[in-house]
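Hey, can you work out the whole structure from these sequences and the hints?
One line per chain: the protein sequences are G and Z, in this order. Under the numbering used here, the first residue of the first sequence is numbered 1, with each subsequent residue one higher. Under the numbering used here, the first residue of the second sequence is numbered 1, with each subsequent residue one higher.
Be careful, since some hints might not be right.
Ranges between beta-carbon positions, derived for each pair [stated by the list, open to error]: (1) Z/Pro44 to G/Gly65: 57 to 65 angstroms; (2) G/Pro50 to Z/Gly107: 19 to 27 angstroms; (3) G/Arg94 to Z/Asp40: 50 to 58 angstroms; (4) G/Gly119 to Z/Glu29: 50 to 58 angstroms.
Computed list of chain Z residues with no C-beta within reach of chain G, every gap over 10 angstroms [stated by the list, open to error]: (5) Lys33; (6) Ser36; (7) Ser42; (8) Leu50; (9) Glu54; (10) Arg55; (11) Ser60; (12) Asp113; (13) Ser115.
Treat the hints as calculated values from the structure; they're not laboratory data. Source: prediction; values computed, not measured. Yeah, the Cβ is synthetic: ideal placement off N, Cα and C, and Gly gets one too.
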Amino acid sequence: MTTQGRTGATEYAITSDTEVTITRVFDAPKRVIWDAWTSCEHLPNWMLGPEGWTMPICEIDLRPGGALRMVWRRTDATEMEITGVYREVEPPERLVYVESWQGDWPETTDTLLLSETDGKTTATVTIRYVSKEARDAALATGGIEGLSRGFDRLDDYLPTLG
Amino acid sequence: MSIDTLSTTLSALAHPARRAILTRLAEGETTVKELSAPLDMSGPAVSRHLRVLERAGLISRRKEAQWRPCRLEAEPLAEVAAWAVGFREAWDASFDRLDAYLEHLKGQEKRNDDSR
Numbered sequence: 001m002t003t004q005g006r007t008g009a010t011e012y013a014i015t016s017d018t019e020v021t022i023t024r025v026f027d028a029p030k031r032v033i034w035d036a037w038t039s040c041e042h043l044p045n046w047m048l049g050p051e052g053w054t055m056p057i058c059e060i061d062l063r064p065g066g067a068l069r070m071v072w073r074r075t076d077a078t079e080m081e082i083t084g085v086y087r088e089v090e091p092p093e094r095l096v097y098v099e100s101w102q103g104d105w106p107e108t109t110d111t112l113l114l115s116e117t118d119g120k121t122t123a124t125v126t127i128r129y130v131s132k133e134a135r136d137a138a139l140a141t142g143g144i145e146g147l148s149r150g151f152d153r154l155d156d157y158l159p160t161l162g
Numbered sequence: 001m002s003i004d005t006l007s008t009t010l011s012a013l014a015h016p017a018r019r020a021i022l023t024r025l026a027e028g029e030t031t032v033k034e035l036s037a038p039l040d041m042s043g044p045a046v047s048r049h050l051r052v053l054e055r056a057g058l059i060s061r062r063k064e065a066q067w068r069p070c071r072l073e074a075e076p077l078a079e080v081a082a083w084a085v086g087f088r089e090a091w092d093a094s095f096d097r098l099d100a101y102l103e104h105l106k107g108q109e110k111r112n113d114d115s116r
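Written as structure tokens, this is what we have:
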């Protein structure tokens with residue numbers, strides 16, 4: 001996966017039976033990306049997902065065994081919450097944490113790797129499920145239920161597939 | 001996963017009966033007979049849908065048993081889910097925002113340097 005130098009595009013890959021990997025290149029040194037990813041001064045400014053969400057609660061205890069908690073809120077007051085624990089904290093290159101969404105979603109172990117070339121940083125996020133079954137269950141329930149909503153858009157798209 | 005695989009997956013999903021089959025299989029392995037009753041479809045009709053799902057790699061069928069139980073193969077759904085639902089949208093949106101935020105930080109740094 002050599003995307004070094006190409007900013008503005010995210011790559012998604014299934015890297016094993018239990019893993020999904022997301023890669024993106026940013027036009028900044030890894031120290032800056034590390035801070036942006038690990039500090040509540042920065043996270044609520046960008047890790048917000050789609051339009052309409054804010055992060056009113058951000059709590060980070062950045063050390064192995066330290067807790068993290070983020071709460072997102074949409075304009076209609078819907079809330080989403082992630083809680084987790086940091087496992088490995090090696091600034092400014094490697095961060096491993098276990099996290100789970102509220103509800104029945106399976107816990108995941110996420111690894112952030114940062115590597116810098118010519119002032120640009122490749123961020124690689126690997127999301128690992130506890131088992132293939134756990135990943136498949138997440139994909140099947142989340143995917144299919146989510147898809148039934150998304151199918152309105154697909155109705156327009158499918159005729160173009162030929 | 002190539003765009004062609006994604007297209008195959010999307011086409012296979014583009015029928016309510018096939019999505020109902022996948023939803024049922026998410027609960028566990030089952031047979032054609034067990035699938036046809038709640039769908040109110042004949043065995044052959046269900047089998048036709050199963051062939052489409054099998055070609056798309058969304059299900060597999062055990063060969064050893066005579067009743068050939070079907071099971072969900074969720075792998076192709078990963079790319080679809082990433083493409084179609086919040087997962088990908090959320091990461092893309094966040095990363096685009098981080099790009100803009102990094103520019104903002106650079107501007108701030110420059111202003112700090114200039115005022116020194």
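Outcome of the hint check:
For the pair Z/Pro44 and G/Gly65, the supplied restraint of 57 to 65 angstroms holds, since their beta-carbon distance comes to about 58 angstroms. Separated by about 25 angstroms at the C-beta atoms, G/Pro50 and Z/Gly107 satisfy the suggested range of 19 to 27 angstroms. Restraint check, G/Arg94 to Z/Asp40: a C-beta distance of roughly 54 angstroms satisfies the suggested window 50 to 58 angstroms. At roughly 52 angstroms, the beta carbons of G/Gly119 and Z/Glu29 sit within the given window of 50 to 58 angstroms.
Taking the minimum C-beta to C-beta distance to chain G, about 22 angstroms, the non-interface status of Z/Lys33 holds against the 10 angstroms cut. Its beta-carbon lying about 20 angstroms from the closest one in chain G, Z/Ser36 satisfies the requirement of being farther than 10 angstroms from that chain. Even its closest Cβ contact with chain G, about 24 angstroms, leaves Z/Ser42 beyond 10 angstroms, as expected for a residue assigned away from the interface. Consistency note on Z/Leu50: stated as away from chain G, and its beta-carbon is indeed over 10 angstroms from all of that chain's, at 16 angstroms minimum.
No Cβ of chain G comes within 10 angstroms of the Cβ of Z/Glu54; the nearest lies about 16 angstroms off, and the non-interface call holds. No Cβ of chain G comes within 10 angstroms of the Cβ of Z/Arg55; the nearest lies about 15 angstroms off, and the non-interface call holds. Its beta-carbon lying about 12 angstroms from the closest one in chain G, Z/Ser60 satisfies the requirement of being farther than 10 angstroms from that chain. At roughly 15 angstroms from the closest C-beta of chain G, the C-beta of Z/Asp113 stays outside 10 angstroms, upholding its exclusion from the interface.
Residue-level check passed: Z/Ser115 sits 20 angstroms from the nearest beta carbon of chain G, beyond 10 angstroms.
Violation of the numbered hints given earlier is absent; every hint is satisfied by the structure.
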